[in-house]
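Just so you know, the protein sequences line up as chains R and E, in that order.
If you read the first sequence in our numbering, its first letter stands for residue 28, the second for the next number, and so on.
If you read the second sequence in our numbering, its first letter stands for residue 28, the second for the next number, and so on.
Simulated from the structure, these hints should not be mistaken for laboratory data.
Note that beta-carbon positions come from the ideal geometry of N, C-alpha and C, so glycine has one too.
Accuracy of the hints is not assured; some may be wrong.
As the list claims (entries may be wrong) - A partial selection of chain E residues facing chain R, derived with a Cβ cut-off under 10 Å:
id	residue
1	M172
2	A174
3	T181
4	L232
5	E275
Protein chains: 2
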Amino acid sequence: MTTERLSINQITVKNWSFEEAVRGLARHDIRWIGAWLGPVQEYGVARAAALLREHRMQVSSVCRAGFFTGRNPDGGGLDQAANERAVEVTAALGCDVLYLVAGGVGDDRDIEASRRAVVRGVAELVPHAAAAGVRLAVEPLHPMMCAERSVVVTLEQALDVVEEFDPAHVGLAVDTYNVWWDPAIDAALDRARGRIIGYQVCDWLVPQPHPLFGRGIPGEGAIDIPSITKAVDATGYVGPIEVEIFNEAVWASDPDSVLTTITDRFERSTLPGF
Amino acid sequence: MTTERLSINQITVKNWSFEEAVRGLARHDIRWIGAWLGPVQEYGVARAAALLREHRMQVSSVCRAGFFTGRNPDGGGLDQAANERAVEVTAALGCDVLYLVAGGVGDDRDIEASRRAVVRGVAELVPHAAAAGVRLAVEPLHPMMCAERSVVVTLEQALDVVEEFDPAHVGLAVDTYNVWWDPAIDAALDRARGRIIGYQVCDWLVPQPHPLFGRGIPGEGAIDIPSITKAVDATGYVGPIEVEIFNEAVWASDPDSVLTTITDRFERSTLPGF
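From just these sequences and the hints, can you work out the full model?
Structure follows, in structure tokens:
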């Protein structure tokens, strides 16, 4: 397995600035990076685009817009203007995949109303995204994030949203960490044929060191990642496989050694991607 | 709303011994208790049964048997003999509902094999439970517990297990904390008609103070508990509504004041149970 499809989300090497991340990934012969709005805007969008060109590096995805329910513990992306700026940054980076996070349950505890707000929010953003040539990626987060971050929590439910829209403009994002537990995963991935536009991987550690920042490098936890990758590819997805790891121990390690571990493991795998 | 259907799981008043819990609940005019094997066995099963009779208190459920996949971070209940003892203790307490916890994913990461092991495990225990007049309650845990505690994580999936067996011997247990996020909750509860034999409630706090021990007293979090109770009752369930709260702050409080809060809130609610 070559590392042709390997992407590293910059959160995985959190202690590096955007510039350090691009240069570092290039040093490891990695051709894709998953970018976050904040660090890119801090560095300067035009400057970031030039740096990417200089290193012939492509952006697999940009995190993130959405939070259509108005609930976002992390700040940002809360209004239409912020979401439109996210679309523009994505396009400026030469990337066509912008991840959406739905937002959590409203104060009224009406989860169905919050879910309807997500569909309305995506619909409002679609014309802007279509004009910019950016596809919106609806990502189900893990059900443990339902209250605070995302009322969209299963693949089937995300597909219900995605199927409301033209495949040219809205697709599905799959992250192993968020979906591996789902007894309906096979049926959902069958149904997702032609609709997956983003794929992220990380592992579920046992025991889990932290509810948010305890994700594992693929191969170190309970998730059968190769099987999920195979099923994702079977839908027709041929894009980058992006390693996104929120983990305080990983962040405390030398980013170069983290990248060596990941690329070694990726190259050694007989199945596609870990 | 009278407190006729109110049950308190003894973990909610964790700092009380079994005897203190029974006497304390009786003082608050609560007629049901959810019991845990450990404290009951420590106190003595026959002695516990006598204490319950003395206070005319009924046991709504016993926690817990199962762990059929062999993975149990909490210890106990791992083999057939231990599960049979759990059935006997349940019957000796005059209770006919024994909660099962499936167990987490095996070391082989084969989640489907682990799920098949659960069905086999329940099947093995049914004859013993049937002979003792105890019903086995299959409980889906929250998906965040899939790796370590339960490969059964949705109502639909728990129903797939339950429907393999005679309703006289195997039923479904619903806990608001475990199922509230599920986009398929309405369809699943429709399907659960006549099969629910246990109902527990607690709330999802925002922010969540602890992944395991951060559950809230009903009314303090993001879950629309009255709507779920209504849907559970619509399946034909008329049994106790058991408040089971794992929360370090609740445990650090005076158990009497916790019970006052719960009973006040239960009595004030216009909908059935909170």
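Hints, verified against the model:
{"no.": "1", "hint": "M172", "verdict": "holds (9 Å)"}
{"no.": "2", "hint": "A174", "verdict": "holds (4 Å)"}
{"no.": "3", "hint": "T181", "verdict": "holds (6 Å)"}
{"no.": "4", "hint": "L232", "verdict": "holds (8 Å)"}
{"no.": "5", "hint": "E275", "verdict": "violated (15 Å)"}
Going down the numbered hints, you'll see the structure goes against just number 5.
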